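Undergrad: Protein chains in written order, with this note's numbering: chain A, -19 to 92; chain B, 6 to 118.
Incorrect hints may appear among the rest.
Unchecked claim - Quick list of the computed label-pair ranges, beta carbon to beta carbon:
# : chain 1 : residue 1 : chain 2 : residue 2 : range
1 : A       : Arg91     : B       : Glu74     : 36 to 44 Å
2 : B       : Asp59     : A       : Pro92     : 45 to 53 Å
3 : B       : Leu32     : A       : Ala9      : 23 to 31 Å
Unchecked claim - Simulated crosslink set (DSSO-like; lysine-lysine; CA at most 27 Å straight-line):
#  : chain 1 : residue 1 : chain 2 : residue 2
4  : B       : Lys19     : A       : Lys22
5  : B       : Lys14     : A       : Lys84
6  : B       : Lys62     : B       : Lys88
7  : B       : Lys19     : A       : Lys(-19)
8  : A       : Lys(-19)  : B       : Lys14
9  : B       : Lys76     : B       : Lys19
10 : B       : Lys14     : A       : Lys22
Treat the hints as calculated values from the structure; they're not laboratory data. Please read these numbers as outputs of a predicted model, since none were measured by experiment. Cβ atoms here follow ideal geometry from the backbone N, Cα and C, with glycine treated the same way.
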Amino acid sequence: KQEVTQIPAALSVPEGENLVLNCSFTDSAIYNLQWFRQDPGKGLTSLLLIQSSQREQTSGRLNASLDKSSGRSTLYIAASQPGDSATYLCAVFTGANSKLTFGKGITLSVRP
Amino acid sequence: DGGITQSPKYLFRKEGQNVTLSCEQNLNHDAMYWYRQDPGQGLRLIYYSQIVNDFQKGDIAEGYSVSREKKESFPLTVTSAQKNPTAFYLCASRSEGGFYEQYFGPGTRLTVT
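Let's have the full structure, built from the sequences with the hints guiding it.
TA: See the structure below:
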């Protein structure tokens, strides 16, 4: 059974810092991995999707990498801003049974 | 403007009443999903549907029911059999064409007292 882990559960950093959020998964037979952002009381917004054949994807200050063989992904946020404060979730799609498996998320707080 | 709409944003019900949460999408996606989110528990899959008139139970289907009569709509009914229905409910759909990217609606917060 696929399990997705995100550690730590919460992170607080000063504004301007570059930071890395980690995601690990137990079964490397994935089709893709998706990073989401969730603001309090809101739905999830898709940030980046990495196909299993890709190593990384970039969007603005965000860069996500994927190492399928080791079961790891990282989300790099450059020059963090208070507006980046949110919960970041990763999820893997294996194709089997058409379901995503989610991590519990990392709640990020960027201090001004 | 394509997307997923959920209504209402907040819903209040008395214990023992059934309640139906609406989810509509205009993304032309075949697959749709319902999740429940509780503090500290992450997202848990309730039901999903890969095509009209077909749906499968997720990890926590007890006390819930769904229908999929139209491609655009996937309503969720929270029945009185659901022991702890107060939660944040999220609807999602998934694209095809090789990317299989999942998109979420804004959510409905259900409070049952």
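Undergrad: The structure should be examined with respect to each hint, and the outcome stated for every one.
TA: For each hint, the structure was consulted:
| no. | hint | verdict |
| --- | --- | --- |
| 1 | A:Arg91 - B:Glu74: 36 to 44 Å | violated (49 Å) |
| 2 | B:Asp59 - A:Pro92: 45 to 53 Å | holds (50 Å) |
| 3 | B:Leu32 - A:Ala9: 23 to 31 Å | holds (27 Å) |
| 4 | B:Lys19 - A:Lys22 | holds (24 Å) |
| 5 | B:Lys14 - A:Lys84 | holds (23 Å) |
| 6 | B:Lys62 - B:Lys88 | holds (17 Å) |
| 7 | B:Lys19 - A:Lys(-19) | violated (37 Å) |
| 8 | A:Lys(-19) - B:Lys14 | violated (33 Å) |
| 9 | B:Lys76 - B:Lys19 | violated (31 Å) |
| 10 | B:Lys14 - A:Lys22 | holds (10 Å) |
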